[in-house]
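Produce the complete structure using the sequences and hints provided.
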Amino acid sequence: MSSIPASQPSQPSTPGLGRWVVTILVAAIAWVAAYTHLTDIADALVRLIGLERGTHTAEAVHFFLYDTPKVLLLLIAVVFVMGVVHTFFTPERTRSLLAGRAAIFNYLLAALLGAVTPFCSCSAVPLFIGFLSAGVPLGITLTFLVAAPMIDQIAVVMLAAMFGWKIAALYFGFGIVVAMIAGLVLTRMNLEDHLEDWVRNIQRGVGAASTTQTQPSWPDRFDGAWASVKEIVGRVWPYVMVGIAIGAGIHGYVPADFMAQIMGKDAWWAVPVSVGIGVPMYTNTAGVIPIVEALYGKGAAMGTLLAFMMSVVALSLPEMIILRKALKLKLIAIYASIVATGIILVGYLFNMIL
Amino acid sequence: MKNVKVLGTGCANCRNTIKLIEEVAAAKGAQLALEKVEDLQQIMTYGIMATPGVVIDGTVVHAGGIPARNKVESWF
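Taken in order, these protein sequences are the chains called A and B. Quick note on numbering: our numbering labels position 49 of the first sequence as 49, and the sequence is numbered without any gaps. Quick note on numbering: our numbering labels position 15 of the second sequence as 15, and the sequence is numbered without any gaps.
Any given hint could turn out to be false.
Straight-line distance between alpha carbons at most 30 Å, and here's what the computed DSS-like set of lysine-lysine pairs gives [what the hints assert, rightly or not]:
(1) B:K19 x A:K325
(2) B:K5 x A:K298
(3) A:K230 x B:K71
(4) B:K28 x A:K325
(5) A:K328 x B:K5
(6) B:K5 x A:K325
(7) B:K28 x A:K230
(8) A:K230 x B:K5
(9) B:K36 x B:K19
(10) B:K36 x A:K328
(11) B:K71 x A:K166
So the derived label-pair ranges between C-beta atoms look like this [to be verified]:
(12) B:Q41 x A:K166: 44 to 54 Å
(13) B:V61 x A:F105: 29 to 39 Å
(14) A:A99 x B:Q41: 33 to 43 Å
(15) A:G276 x B:V61: 23 to 33 Å
(16) A:G276 x B:Q31: 51 to 61 Å
(17) B:A12 x A:G276: 24 to 34 Å
Note that these hints are calculated values from the structure, not bench results. Here a beta-carbon is modelled for each residue, glycine too, at the ideal position from N, C-alpha and C.
Set out below in structure tokens:
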């Protein structure tokens, strides 16, 4: 914290834009240099340890040494870039874009904004109530709440890096569609009665936020982005290491095509089972992707894997517990089952078209 | 003496915000009455949409994420 130039009390917010531009340029060059030599580095390290390539242990170690820098580099880059993007999409701005009519276009907008608005599950309830109190329809608010965790920016970029842009685009597109359908279905069910009483009272009252926000400057945006890199990467890296270690174990020791039998395209029951396993699991995308990568290498079907990943990321128990404070149990159950159904359908669809 | 309220349901960011405020206040020698507001209904009366929020003498000065250190310093 104290090492950032911005934190010196003598000069509050005057770290120049020029300094940031130079830092980002240098960092970008170093990033590309490292990212394009990941295989060479992993090869050299495996040789250095004295392992013979082709053995189970060597392949597992190689996977670990290759994936750790790769995932961490991607994570840092995505979190920084999205940190800058997030400064343009504050919850307040998103809310004012969505208030008003419940037109179909607004569902699409809510899903897209859900993908780019900064969101943490601790803020789910304040955000939810803030939207409703400003006149954003319940269905649109729920679309936003589904899209925000499910269309994970880290997932989009990592899928693109591991499996190509086509898979990443499909994931993004289907995520939007599932969020829209969930919101539309929930609206038809007239669920306003299932909000907790105090939430409905706030909804009727005014109580709108009056925080005046000034436009941040570019150095402020970069400062904020760097702060979120330190915060998110600092919190997430243990999950990532565990994920990569599991991935490395699968890569090195599970026989080739073994997964094709239990998670392949022909195993129709694999999709719902994967979702059932994924929902109670709580980790983050960067931790799941290495496992997905390793399972895919052993013949698991992409749709099944994506369904698994989406259910881990989109539906988490801690978030449900926080939402319970504002939503009655029945509404949470309906919300969760609609999202789970949507994810299962996406899994089957993916398995069919890929 | 300033009355400082930190609004948040007790996630890591909220705890870090409290720690940061205590640190900065101690460094600057500012006297404050720090209060943690964890009840959601009470939090929502301040109209914020992201936690943690910081309220100083009844005015919301921050909402969403850990505030930057220089921002906290400007409060005291």
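Now for the hints, and whether the structure bears them out:
Only pairs whose Cα atoms come within 30 Å are accepted, and K19 of chain B paired with K325 of chain A is accepted, the gap being roughly 26 Å. Our distance criterion of 30 Å between C-alpha atoms is broken by K5 of chain B and K298 of chain A, whose separation comes to about 53 Å. Restraint check for K230 of chain A and K71 of chain B: satisfied, since their Cα atoms lie roughly 18 Å apart, inside the 30 Å limit. A threshold of 30 Å between alpha carbons decides the hint, and for K28 of chain B with K325 of chain A the separation of about 38 Å lies outside it, so the pair is violated.
Using a Cα cut-off of 30 Å, the hinted pair K328 of chain A and K5 of chain B holds, with the two alpha carbons roughly 29 Å apart. Taken as a hint, the K5 of chain B and K325 of chain A pair is honoured in the structure, with Cα atoms around 21 Å apart against an allowance of 30 Å. Using a Cα cut-off of 30 Å, the hinted pair K28 of chain B and K230 of chain A holds, with the two alpha carbons roughly 25 Å apart. Taken as a hint, the K230 of chain A and K5 of chain B pair is honoured in the structure, with Cα atoms around 25 Å apart against an allowance of 30 Å.
A threshold of 30 Å between alpha carbons decides the hint, and for K36 of chain B with K19 of chain B the separation of about 12 Å falls inside it, so the pair holds. Between K36 of chain B and K328 of chain A the CA atoms are separated by roughly 26 Å; this keeps the pair inside 30 Å, and the hint holds. Restraint check for K71 of chain B and K166 of chain A: not satisfied, since their Cα atoms lie roughly 42 Å apart, outside the 30 Å limit. Between Q41 of chain B and K166 of chain A the beta carbons are some 47 Å apart, a value that agrees with the proposed interval 44 to 54 Å.
Distance hint for V61 of chain B and F105 of chain A: a CB-CB separation of about 36 Å, consistent with the stated range 29 to 39 Å. Range check, A99 of chain A to Q41 of chain B: Cβ separation about 23 Å, and the 33 to 43 Å hint is violated. About 45 Å separates the C-beta atoms of G276 of chain A and V61 of chain B, a value inconsistent with the hinted range of 23 to 33 Å. A C-beta distance of roughly 55 Å is found between G276 of chain A and Q31 of chain B, which places it inside the suggested range of 51 to 61 Å.
For the hinted restraint 24 to 34 Å between A12 of chain B and G276 of chain A, the CB-CB distance of approximately 29 Å keeps it satisfied.
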